Structures are given as C-alpha cells and as structure tokens.
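**Student:** Construct the complete structure from the given sequences, taking the supplied hints into account.
Sequence lines, in order, name chains W and G. Counted from 1, the first sequence has number 72 at position 72 by the working numbering; the numbering is strictly sequential. Counted from 1, the second sequence has number 347 at position 347 by the working numbering; the numbering is strictly sequential.
No incorrect hints appear here.
Derived pair list, reagent style DSS-like, types lysine-lysine, alpha-carbon separation capped at 25 Å:
#: 1; chain 1: G; residue 1: Lys241; chain 2: G; residue 2: Lys306
#: 2; chain 1: G; residue 1: Lys306; chain 2: W; residue 2: Lys241
#: 3; chain 1: W; residue 1: Lys369; chain 2: W; residue 2: Lys306
#: 4; chain 1: W; residue 1: Lys241; chain 2: G; residue 2: Lys241
#: 5; chain 1: G; residue 1: Lys357; chain 2: G; residue 2: Lys294
#: 6; chain 1: W; residue 1: Lys357; chain 2: W; residue 2: Lys294
#: 7; chain 1: W; residue 1: Lys369; chain 2: W; residue 2: Lys241
#: 8; chain 1: W; residue 1: Lys306; chain 2: G; residue 2: Lys241
What the simulated footprint calls covered on chain W by chain G, stretch by stretch (three residues with Cβ under 8 Å from a Cβ of chain G suffice, anywhere in the stretch; the number is not a length):
#: 9; segment: 42-52
#: 10; segment: 135-146
#: 11; segment: 184-197
Since the hints were made in silico from the structure, they are not lab data. All values reported here derive from a predicted model rather than from experimental measurement. By construction, the Cβ of each residue, glycine as well, lies at the ideal position given by its N, Cα and C atoms.
2 protein chains.
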Amino acid sequence: MSQGLTRSLGEFVSKLRVEAIPSEALDWVHTGFADCVGTLIAGSVEEAPAIVHKTLAPPPGEASLYLVGPRVAAPEAAWINGTAAHALDFDDVALRGHPSAVLVPAILAEAETLRATGAQMAAAYVAGYETWAELEWREPQQLHEKGWHPTGVYGAVGAAAACAFLRGLDAERATYAIALGASQSAGLMANFGTMTKPFHAGRSAHAGVMAARLAAAGLTASPDALEHPQGFLSAVSPTGKVDRASPATAGREWRILRQGLSVKKYPLCYCTHRALDGVLDLLAEHPVSARDVKSIRVSTSRRNTKVLRNDRPQTGLEAKFSMQFAMASAIVARRAGLDELTDAFVQRPEVQALLPKVTVEPDDRPDPKRSGAAPWDLVVIETNDGRRLESRRITEERGSPELPLTREELWAKFERCLAVGNPRLDARAVFDALMSIERQRDARAFARLKAAA
Amino acid sequence: MSQGLTRSLGEFVSKLRVEAIPSEALDWVHTGFADCVGTLIAGSVEEAPAIVHKTLAPPPGEASLYLVGPRVAAPEAAWINGTAAHALDFDDVALRGHPSAVLVPAILAEAETLRATGAQMAAAYVAGYETWAELEWREPQQLHEKGWHPTGVYGAVGAAAACAFLRGLDAERATYAIALGASQSAGLMANFGTMTKPFHAGRSAHAGVMAARLAAAGLTASPDALEHPQGFLSAVSPTGKVDRASPATAGREWRILRQGLSVKKYPLCYCTHRALDGVLDLLAEHPVSARDVKSIRVSTSRRNTKVLRNDRPQTGLEAKFSMQFAMASAIVARRAGLDELTDAFVQRPEVQALLPKVTVEPDDRPDPKRSGAAPWDLVVIETNDGRRLESRRITEERGSPELPLTREELWAKFERCLAVGNPRLDARAVFDALMSIERQRDARAFARLKAAA
Numbered sequence: 001m002s003q004g005l006t007r008s009l010g011e012f013v014s015k016l017r018v019e020a021i022p023s024e025a026l027d028w029v030h031t032g033f034a035d036c037v038g039t040l041i042a043g044s045v046e047e048a049p050a051i052v053h054k055t056l057a058p059p060p061g062e063a064s065l066y067l068v069g070p071r072v073a074a075p076e077a078a079w080i081n082g083t084a085a086h087a088l089d090f091d092d093v094a095l096r097g098h099p100s101a102v103l104v105p106a107i108l109a110e111a112e113t114l115r116a117t118g119a120q121m122a123a124a125y126v127a128g129y130e131t132w133a134e135l136e137w138r139e140p141q142q143l144h145e146k147g148w149h150p151t152g153v154y155g156a157v158g159a160a161a162a163c164a165f166l167r168g169l170d171a172e173r174a175t176y177a178i179a180l181g182a183s184q185s186a187g188l189m190a191n192f193g194t195m196t197k198p199f200h201a202g203r204s205a206h207a208g209v210m211a212a213r214l215a216a217a218g219l220t221a222s223p224d225a226l227e228h229p230q231g232f233l234s235a236v237s238p239t240g241k242v243d244r245a246s247p248a249t250a251g252r253e254w255r256i257l258r259q260g261l262s263v264k265k266y267p268l269c270y271c272t273h274r275a276l277d278g279v280l281d282l283l284a285e286h287p288v289s290a291r292d293v294k295s296i297r298v299s300t301s302r303r304n305t306k307v308l309r310n311d312r313p314q315t316g317l318e319a320k321f322s323m324q325f326a327m328a329s330a331i332v333a334r335r336a337g338l339d340e341l342t343d344a345f346v347q348r349p350e351v352q353a354l355l356p357k358v359t360v361e362p363d364d365r366p367d368p369k370r371s372g373a374a375p376w377d378l379v380v381i382e383t384n385d386g387r388r389l390e391s392r393r394i395t396e397e398r399g400s401p402e403l404p405l406t407r408e409e410l411w412a413k414f415e416r417c418l419a420v421g422n423p424r425l426d427a428r429a430v431f432d433a434l435m436s437i438e439r440q441r442d443a444r445a446f447a448r449l450k451a452a453a
Numbered sequence: 001m002s003q004g005l006t007r008s009l010g011e012f013v014s015k016l017r018v019e020a021i022p023s024e025a026l027d028w029v030h031t032g033f034a035d036c037v038g039t040l041i042a043g044s045v046e047e048a049p050a051i052v053h054k055t056l057a058p059p060p061g062e063a064s065l066y067l068v069g070p071r072v073a074a075p076e077a078a079w080i081n082g083t084a085a086h087a088l089d090f091d092d093v094a095l096r097g098h099p100s101a102v103l104v105p106a107i108l109a110e111a112e113t114l115r116a117t118g119a120q121m122a123a124a125y126v127a128g129y130e131t132w133a134e135l136e137w138r139e140p141q142q143l144h145e146k147g148w149h150p151t152g153v154y155g156a157v158g159a160a161a162a163c164a165f166l167r168g169l170d171a172e173r174a175t176y177a178i179a180l181g182a183s184q185s186a187g188l189m190a191n192f193g194t195m196t197k198p199f200h201a202g203r204s205a206h207a208g209v210m211a212a213r214l215a216a217a218g219l220t221a222s223p224d225a226l227e228h229p230q231g232f233l234s235a236v237s238p239t240g241k242v243d244r245a246s247p248a249t250a251g252r253e254w255r256i257l258r259q260g261l262s263v264k265k266y267p268l269c270y271c272t273h274r275a276l277d278g279v280l281d282l283l284a285e286h287p288v289s290a291r292d293v294k295s296i297r298v299s300t301s302r303r304n305t306k307v308l309r310n311d312r313p314q315t316g317l318e319a320k321f322s323m324q325f326a327m328a329s330a331i332v333a334r335r336a337g338l339d340e341l342t343d344a345f346v347q348r349p350e351v352q353a354l355l356p357k358v359t360v361e362p363d364d365r366p367d368p369k370r371s372g373a374a375p376w377d378l379v380v381i382e383t384n385d386g387r388r389l390e391s392r393r394i395t396e397e398r399g400s401p402e403l404p405l406t407r408e409e410l411w412a413k414f415e416r417c418l419a420v421g422n423p424r425l426d427a428r429a430v431f432d433a434l435m436s437i438e439r440q441r442d443a444r445a446f447a448r449l450k451a452a453a
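**Tutor:** Here's what the structure looks like:
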C-alpha cells in the first residue's frame, strides 16, 4: 500500500524547497498576497475584527496587526487579521473557499515572529494552497450542503501546513501539525451573513499557527487523521463518499497552476458574481431605471441559491449574501462596490422596493468545470413598458482564472481598499512589495514601508 | 411555528436561576466537579497539558491552573485545564462524551475571573449540561461513525452556554454565544489514542469561554445556527437525519436527572468498562494466570470496536483505546488502574504476549437504553488446560447512573488522583468543598485551601 495522505502531505511540507516552485505559481502567490492584504486593510475598520481584537486582548509580540499596526502575539494576530481579511467578503476565492484570507494572515504572523524571508513566505503559501487543494478535489459533493463552511474547515489544515513549513518541521511533526489542524477544523454555513463568517477565517488562521507550534513542541496526533475512516475527509463529507485512498500528488504536480485564484470585483459573496457581470453588461447596453423594472429573474446553481440566504437584507452585512440586493444595487447604482455595501444604501427605499421584484431560479445542471456552479448564469429583466432584456449566458466571472484581472485592475482594487482602510499608507510601495514577495528580505519589509510613509 | 432551538437555549441560559435547580441535580453537579477536578489534578503531570501550557505561554491572569497553581488568563487556563482533565481519559462520561472535562475547566476559569459564587458555578454546569443534552438526544446515529468526537463538538456549545450564564448575557447574546460555540465545534475520532484527544476537551473549553466573551462584546451570529438546515445539528450528523424541529425542553425538564454521569473506575476508554467489570469478576472467582490463557473473546458493540482502535498498543496512551490491553492488564495485574497505564507496564513481555490472544467480536444488536452500546458485553476465557470460563452478561458498568459509585468510592478515586497529581494538597478539604460547591463563596475557595495546605 502506498503512503497515506496525511503522511504524504507532512513529507511534502517538510521537503518543499523554494527553488522547486515554478514561477507561474509565484504569479498566483503575488495575487494572493496583494489581494488579501488589500482586503485585510480595507476590512480592518470593520466591527468584526475590532470586536475580536478587544476580546482577545492580545499580549504584545512580534506580529503586526493590519500589516503595519501594533505588534502582538502571532496566534492572536493571525486570528484578528484573518477576521479582517474576510470581513468584507471581498477577498479571493478558490478551492471552494477563501484560501488567502486564512493562509496569508497565518503566514504573515509567523513569518514576522520567525524572521522568515519573503521567499519562505511565498513557499509557505504554496504549501498551504497545495494541502488545501489535496483535500478539496477528493470530495465530489458540496461541503456547504450539510453545513460546513469550506474556508473554516479546509483553512485550518492549509494554515497548519503553511506554518509547519515556516517552522521547518520534519516530516513526522509536519504530519502531526496537519492532523492537529484537521482536529480544529470548524465553521458553520448557518452563520453566513453575520460577523461569525469572517471570524471563521481568523479562527482557522489561529488554528494553523497553533497546530504547527503544538506539533513543534511535541504534541502527538494520528498520522492518518485525514484519510482514516473516522478522520477529516469522512467527517466533513456530506455523504462520506470521498476519495480517501488515492495517493497525494502534492510536490509532483502544482494544483495552483491549474486552479489559480479568482479575484473578486464586488464585495459580495462570489455566488453573485456571474449574475452581476451579466446584469451590469446588460444595463450598459440597455439603461433601465429602478422605476422601469417590472421583474428580474436570475438563473444560477442550486448551491448558489442556498448560500445566498438573505432575500430581504436590511444591513450591508446581510446584503453580501443576497442575489436580490446584488440586482437592486446594479439597477440603482450601476455597480456593487464598497460604497453600496452599507446599511444606509441597503435601506434606501428604491433598493428595498426592488428586492421583491427579483426571483432566483435554481439550475440543477452541473458545470463540468466548476464544482457547485451551473453551466451558466442568466439574468432577464422585464420592464413596465413591456421590454424583455436578456443577458448573455455568463460562464466565467471577470477575475476568474480564465478571465484574470490585469495587474492594473488588481492595483485599482488594492488602491481603493487602502483608501478605505489606511489612506496614510504608501499603497503603491506596499502593492509592489507584495507583488514581488519572494524577493523581500523578510516580513518586516512592510513595517519599514510604514516608517517611510 | 414555535421558537427555534438556538433561541430557546439562549433564553433558557439567560433566564436560569440557581433556585430553580432541583437538589437531585446538584448531586450530579457535585459528582461532576469532584470527579473532574480529581482527574484534572492527576492529569496535570501528563505531557499533553504541559505541551499545551508551554505552547500557549499564557499571560498572567485571574484563573488558576490545576485548581491551585499559577494564575493565568482564563481562556488559556480553560484550554490547559481541559487538556489535563481529559489527559488520562479517567474523567466522567455522559451524553456520548465527557461533559465535565469541558464544562468544569471553562466554568472554573471564568468564575475566578468574574468572582462568581459557588451557586453560580453549579448553575453554569447545569446550563452547559442541559444544552449539551438538548443537542445529543436529537441525533439517532453515532457521531463517532463519520469521524466527529462528541466531546469536542458538543463540548464547545455546552461550554459556551455555561459561560454565557456566568456572564449573565441576555437572551440575544446568549443565543449568539451558543451559535459561536457551535461554529468552533471540532475534533476528529481519528486522533484518538494520541495527545490530540485530550486537547479536544481543552480546545472546546477555550472555545466556550471565547464564544461568551465575543458575544458579550457584540460579535453577531445566526439565531438559528443549531437547527438551520446548514447548521450544527445537520453538519455533525452522520446522515443528516436529525431532529431539528422539536421544541427545546431545557428549563422545563432536567435531563441531568434522567441521564446523570458515569464515573470511570478505570483510566481507559469507557468502551472497555463493561468487559473489564466482567473479566475482573470472572478472575476473582476463577484465578487464571497469563501462562494459562489460550484465548480471550470479548463481545461488545460495533461502536466500541471502532473506538478502540489500538489492538497492539505500545504506550500507556495507546493502551487506553485497546480492549486487548484491558484484558491483558486484568489477567496480569488483576486490575487496570493508573499504575498499569504506563509505557513500562504496557511493554512488559507477558502483557504483549497476551494481546494477540484477545479477539473482539462486534455485536450489532442495539441496547435500547444506551445509544452505541450492545444489550450486554461478554468475556470468554479459554485456558490451555481446556477450561472455558464465561463471564456474566454485563449490562451496566459500575459507576454508571444505574450503579453509581458511593461517596466513599468517589472519594477513594479522588484521593488516588490527588496523590498522583498533587500530593501536598489537602485532598479531603478539596473534595468536601467540591461536593458542596453551591455553598462555596467563590472559586477562590480553592486557592484558600492551597494556602491552608
């Protein structure tokens, strides 16, 4: 019998060398760090990370809050920063979740503590991404269905792998770190649309930091915790029909090259993005005012209809998980950005009046290329004067790996995020440093940027 | 429609009054506190809590480690003490898990911080127990089957309820605390037999403390996080067939009166206890030496055979989850106590020689009264001289609610635990204080006992 998954991943993490990582993979690492740090700083002024910060009351330490803020103990920094990174739900998407919002805060916190180089940080990201990917492809169902939040449950394992790499753990201890991450995997879908959703990302980043530290200190765990019949893969699987047996390919192929990252253009749940692309294109061609709208029908996958649980949102947070709001915002503001995801905008009478006019129709046909998606999404607007406007069939979101944002588009989002979260920072210098992270001397490079600002 | 489960439990916790708790319930609370503190102190000299302590490096605070040790921040104290309480797997059992190992460390830590009275501590235990019980009865399957460790997953919710009570949260915030506990529920069966198992109890105690603190500080969560189709009950359920709809009865009936606690006489997994009672009774009547044994057959429930995963243990920790070891220890030492659960004893040649002679036969018939158990367990010894010795059919373990230990038996276990973990403490004074916890002025009563010692 070939070596089991947990040991294989422990070995992969312990043997990973920065030089072995293809440069195309580093392009995705740049995107992950830049997009995560941007959304983290934009999210730092939100209530959720502030509450987590106040409650954890972290002791002073080596790890910076919000890249250039006060330095506190690394586990707490990972927790607070992870909550900030996901607070706006504006951070990148891949592997059925939000990998960077968990991995980057864990890596930044431990890298500062351990004085790791930028190259080590980049490789730690790849270690975490590939570990997450090795779990994700084995599951044919949607974790969402039965209640598990993939970012929370996969994130703890991925972050454990990333931190095990940063600590230079040997294969046995890296295996234990991964098993310890898996035993902290948590987070419920039912808490979507509340502050507990971003909390999941932070909690998993914290779990990853702790898992590697505990394993380094000698806490033992099972070397088959992932693939055991009563282990991680089975536990989080909706039906238990999950591939526990296939050998791991991590280190022999790079899933990040095939799967990449999707960067969000809109600070709403990713399940709204195809429809938003479609409706905004449609409105650019056929301007329709709120008063003109008789009805809007959106066709999207059943998974998406379940995730988007708020059909009558009253707050900016609730609106993130509302297809009804996404359509209303497109009609009223011709966009759906940080300025629209506010309680005041959501509660505007013309927005509220549009919500009941939006019908969401679940499409049960699977997209063979994209787990959980339908082959395409579609938006149809009917106007009071009898027009019927139909969007194109939207198969790829802008910002997806197939239609990636240009560097300039990525920069525009980053700049806007820093304007919201920390306008005094030199956004261009931070962006350029993140987009070449493997060449930074260490994580303190960012603290130095602060001094320069 | 009646109020959902999460809100009902939030309301129960926020409205619970010490005076409303029946005195028979307090008898179980005494048992829970005394048995947990005893095993916690015995476990305090184990490696797992020492590693967690060293790794967390807790800042100074108000909460005592190991009842009378250094005072550190409460969340970390709950984590370290919870790990110690479960380190020997000698702590009490109920509700398909180990409630006191999670609830008591969380309660002790927050009670010291908040200067709660002994009566409030007792009521917090009942709040946690009843919340745990409200989740547990709804699930017809065994959480074990698909990989979830009930102590970890139910424990985080129960501890959140207990701490929400101690903090005096209103119904809304207590509801959020429970939802936040549920979103931290974690712990894999596959990590049984390693230090990560007791870590689960500590991690859940920490999660409960944090959940109540975060909710108190204003972090929001979903008021239907338990019963939502993508919520806690569904997520941890092996098949998803779980009662999400029945109204909660917490506060109107007291499940603790019906279900009580089982106190362990042996520091092995509870799944070995019926068979150990049976084989020890058999050996008392028919002494058999290790050399005489040809074979030992044990019949027990299939759940038990899955939990007891180590058929060839090499360490004291592995031996806790080994029916083979339980039988070997009974033959060689005529008991299975703290002195036998050591690497040295497990590795003794006559013990190792017996392991392959033990066969465990799964019994698929359900015990209608006890979820996961068979109607009875049975041990059959065949000797080299042709005798066939059959135990009685063991239906109730000694120490179970049906055959509870006497106060003197409980004291004997407590005294032995303190002799192992902290021989300088006045064991009798601590025991008496715990057995009347509702009359203690506050949690500092124990620190004062230290001063007297």
